[in-house]
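Peer 1: The lines below spell out each chain.
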Amino acid sequence: DQQVKQNSPSLSVQEGRISILNCDYTNSMFDYFLWYKKYPAEGPTFLISISSIKDKNEDGRFTVFLNKSAKHLSLHIVPSQPGDSAVYFCAASARGGNSNSGYALNFGKGTSLLVTP
Amino acid sequence: DSGVTQTPKHLITATGQRVTLRCSPRSGDLSVYWYQQSLDQGLQFLIQYYNGEERAKGNILERFSAQQFPDLHSELNLSSLELGDSALYFCASSVEGTGEKLFFGSGTQLSVL
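Residue numbers (this note's numbering), protein chains in the order written: chain A, 7 to 123; chain B, 18 to 130.
Just so you know, the hints here were simulated from the structure itself, not pulled from any lab data. All values derive from a computational prediction rather than experimental measurement. By construction, the Cβ of each residue, glycine as well, lies at the ideal position given by its N, Cα and C atoms. Just so you know, not all the hints are guaranteed correct.
What the hints assert, rightly or not - Among chain B residues calculated to face chain A with C-beta under 7 Å, some are: (1) Tyr50; (2) Gln65; (3) Arg72; (4) Lys118.
Isolated chain A, as found in the complex (with noise of 0.2 Å):
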């Protein structure tokens, strides 16, 4: 059971417009929440992580977005550049361990960004 989703495998986005990618969850033992950045032939990098004791988060261009009661996760891109054309993964952890997979991360199945000039 998909227990992170990302429900648009992809977004086409202008230049220096903004981005927002979405992440819906189910299991409601999810407390960690990150996003992560995957370029072809590479492994998956970290961008950002939110705990589940805020709805906010910043860095830099990047900002997620908690809602808790709707178990749902945005993450923002201003302003996107064409080098932010990457896959999107969005992740859940439950960092008390109780969770089907342990504290593993829950990975969804990805959102493709392409920003075009």
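We have chain A; now place chain B onto it with these hints.
Peer 2: Same frame as chain A, but now just chain B:
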């Protein structure tokens, strides 16, 4: 460079064969995770080790096994390979293995022909 090393980068083999994938975690990281990424699938968690002991199991087939050695490197063994086992296999590591962020290697692309 994440500091996580995976070998080999590419592996081509035939059905029914057995292969071993190797992973060296970042210096200081005690926990190692294995993930599988198939076509159109996200990263599927296979198994986690912490300081040599198995900590959690995910969707790992019985034909697959893993271990973490005293020097903390890990190996994933895949046997009786089937066409459907063709995938990208990632190793990741973390300091404590308690749900914090992971550092990923660049993966091993396995092709079963």
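Peer 1: So which of the earlier hints does this model not fit?
Peer 2: none
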